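Enquirer: Protein sequence lines correspond, in order, to chains A and B. Quick note: the first sequence uses full-length UniProt numbering, first residue 1, plus one each step. Quick note: the second sequence uses full-length UniProt numbering, first residue 1, plus one each step.
To be clear, the hints were calculated from the coordinates, so they are not data collected in a lab. On a predicted model such as this, the values are computed, not experimentally measured, just so you know. Cβ atoms here follow ideal geometry from the backbone N, Cα and C, with glycine treated the same way.
Which chain A residues face chain B? A few, computed with CB under 10 angstroms, are given here:
(1) Glu113
(2) Ser115
(3) Ile262
Calculated cross-link-like contacts (lysine-lysine; reagent style DSS-like; alpha-carbon spacing at most 30 angstroms):
(4) Lys460/A with Lys56/B
(5) Lys275/A with Lys109/A
(6) Lys275/A with Lys56/B
(7) Lys467/A with Lys56/B
Given next are the chains, with one letter for each unit.
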Amino acid sequence: MSFFRRAARTTLLAAALAPICAAAARAQEAADAAEAAPGIDQMVNDVFTSSTGWFVSLIFSNVPGTNFPWIVGWLVVAAVVFTVYFRGIQLWGFGHAIRLVKGDYSNPKDSGEVSHFQALATALSGTVGLGNIAGVAVAVGIGGPGATFWMILAGVLGMATKFTECTLGVKYRNEYPDGTVSGGPMYYMRKGFAERGISGGSIMAIVFCIFTLGGSIGGGNMFQANQAHAQLVNVTGGADSFLDGRGWITGLILAAVVFLVIVGGIKSIAQVTEKVVPFMGVLYVATALIIILINYQQIGWAIGQIFAGAFTGLGVAGGIVGALIQGFRRAAFSNEAGVGSAAIAHSAVRTKEPTTEGVVALLEPFIDTVVICTMTALVIVISGALQVDPETGLYVVQDGKIATEGGVTGVELTSAAFATGLTWFPYILAVAVVLFAFSTMISWSYYGLKAWTYLVGEGKVRELVYKVAFCVFTVIGAAAQLGAVIDFSDAMIFAMAVVNIIALYLLMPIVKAEVTSYFERLRSGEIKRFKGGVQPAE
Amino acid sequence: MPKTTILVGLDGTEQGDKVLEFAKTRLGQIDDCLLLICYVIEWSPFAFQTAEENEKRHARREEELRVAQERIIDPAVSQVAAEGYTVKGIVQHGHAAEVLEAIANEYGASQIVIGRHSARSVREHVFGSVSVRLAASSPVPVTIIP
Chain A
1 MSFFRRAART TLLAAALAPI CAAAARAQEA ADAAEAAPGI DQMVNDVFTS
51 STGWFVSLIF SNVPGTNFPW IVGWLVVAAV VFTVYFRGIQ LWGFGHAIRL
101 VKGDYSNPKD SGEVSHFQAL ATALSGTVGL GNIAGVAVAV GIGGPGATFW
151 MILAGVLGMA TKFTECTLGV KYRNEYPDGT VSGGPMYYMR KGFAERGISG
201 GSIMAIVFCI FTLGGSIGGG NMFQANQAHA QLVNVTGGAD SFLDGRGWIT
251 GLILAAVVFL VIVGGIKSIA QVTEKVVPFM GVLYVATALI IILINYQQIG
301 WAIGQIFAGA FTGLGVAGGI VGALIQGFRR AAFSNEAGVG SAAIAHSAVR
351 TKEPTTEGVV ALLEPFIDTV VICTMTALVI VISGALQVDP ETGLYVVQDG
401 KIATEGGVTG VELTSAAFAT GLTWFPYILA VAVVLFAFST MISWSYYGLK
451 AWTYLVGEGK VRELVYKVAF CVFTVIGAAA QLGAVIDFSD AMIFAMAVVN
501 IIALYLLMPI VKAEVTSYFE RLRSGEIKRF KGGVQPAE
Chain B
1 MPKTTILVGL DGTEQGDKVL EFAKTRLGQI DDCLLLICYV IEWSPFAFQT
51 AEENEKRHAR REEELRVAQE RIIDPAVSQV AAEGYTVKGI VQHGHAAEVL
101 EAIANEYGAS QIVIGRHSAR SVREHVFGSV SVRLAASSPV PVTIIP
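Required output: the full structure, derived from the provided sequences and hints.
Expert: What follows is the structure, given as structure tokens:
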């Protein structure tokens, strides 16, 4: 790169970072000037709550006459419908998914293209993260151990939803003359609806993109920054930490690094993260297994608590329905089945068979929810972090939540639970949380960008506007309180699922035809297996 | 189909000249012999990439193939063909040892000729260099040019 191009890039970076730095400087001045006045965190939180509260209420309103949020039912019904419609593909397609990821059906002549494994890993890096660590703690902390059962069930059912959306994502993606691809629900809404002679696809695509923008800024950005900050405060001294009440510092640092990657094109940071995140994921699961094995005598009791809680509520606030709602809600937030984000990530695979990518994608909820979330939940239950009344044997409930040592919730509860087995683990977890958060932010910045460019068109300036806005919201996310951020991010991501699942219902006959054709050709030997033994009877 | 096929692996370095020279003078003289010149672009389907990299991967792959063809394979093929040998060039992504072995099988090659390299990276120290791996697993004789 020439000196002038380097200089131009540096100038561009400096110019684009300027508003964020200026905002931070103003925040510092405000904080220094008025100690008695509400902190900047509180101010941001107030503005945030008042501006987004109505939307959160709309998405999470209950079915009339019940305390059951309609959106949870929406996701569960969809997952059940897809499971039945595709005759439990998450079970009979599981083995084939593993073989596809191993590359058994990949033609060596196509080597160098994005592999099934890479598409799966990229999509997973956007979903495995704080939902698995903090979200599960919230679910178990409110809904009790029984929430774990419903979370696993939602994960298994969600595999069928993920299969459906990712098959469509590949089938209707755009392939451009320069070899790049763009795919996702907005494309299958527009093109798939037109193919079936259904009107309104273009409008639905626009609505979906608007929600995706919100989701990318909410759950994919602010929530991540918020929880990363919470964990950093936790390991640096809690209330005595220098960072306590100064979320904007964490936000600013995170925003700067995200900015360098998504605007500055500093690939090395992203590449390091993409390698470290899977390592942290394996380390996390391995550590959870160690803690579970150390407490092996508790495993039976913990599983008993999970089943008993799922069907009796164990006296936890909300009872069975509370456990079910928390479990389903957290599973959906964690694995994003039905949200449509995975369809964007999986569209990059260059396969002639859309079904293969759908089959591979069904592994996502399995890894994310059935394996990783369950590990977190088991560690929390086994650790004894949730307080039990010794007289009644029931959990101690305070303010609608199960009481914990020190009153910790969310990621701090997970951290405390892991610390009971390995005292040094909170430090590792802090690093993992920040890396997971960063990785998820990079992934969601891409999903949001795809939605943004679908709405306003491609162009460097337009892309820069989105990317700068994304970084500004990183700072806001780190500064706002957990309640406001988590509710808003949940609401936006579930809003994506509202539109996406309507499209999936209307387009599922197309997926059915694809699946039938693919597996017939697989059985007949027309689709060739390149390695890993003889053609199996699928 | 020629009676004898010799697979020649180039790595884009000066070592390639020695490999090519050996293949021509010692093996290319064999009656009805095809020299199959191959360059492997290192690539793992299990490496991690960002969504943006995935999106551009196809275009990037095409570019990598084009550059390797123009800079390494075409000059080698032209040079060897000009001297009257029967020659064909191949560029493919993958792990060099695995790809060379697969191509040797596919074309029924009777020998593989490659250059020797000392282990340069930690990965090579741990898993062995291309020449060591190929020598250990190749279905046909391997000649390693020092």
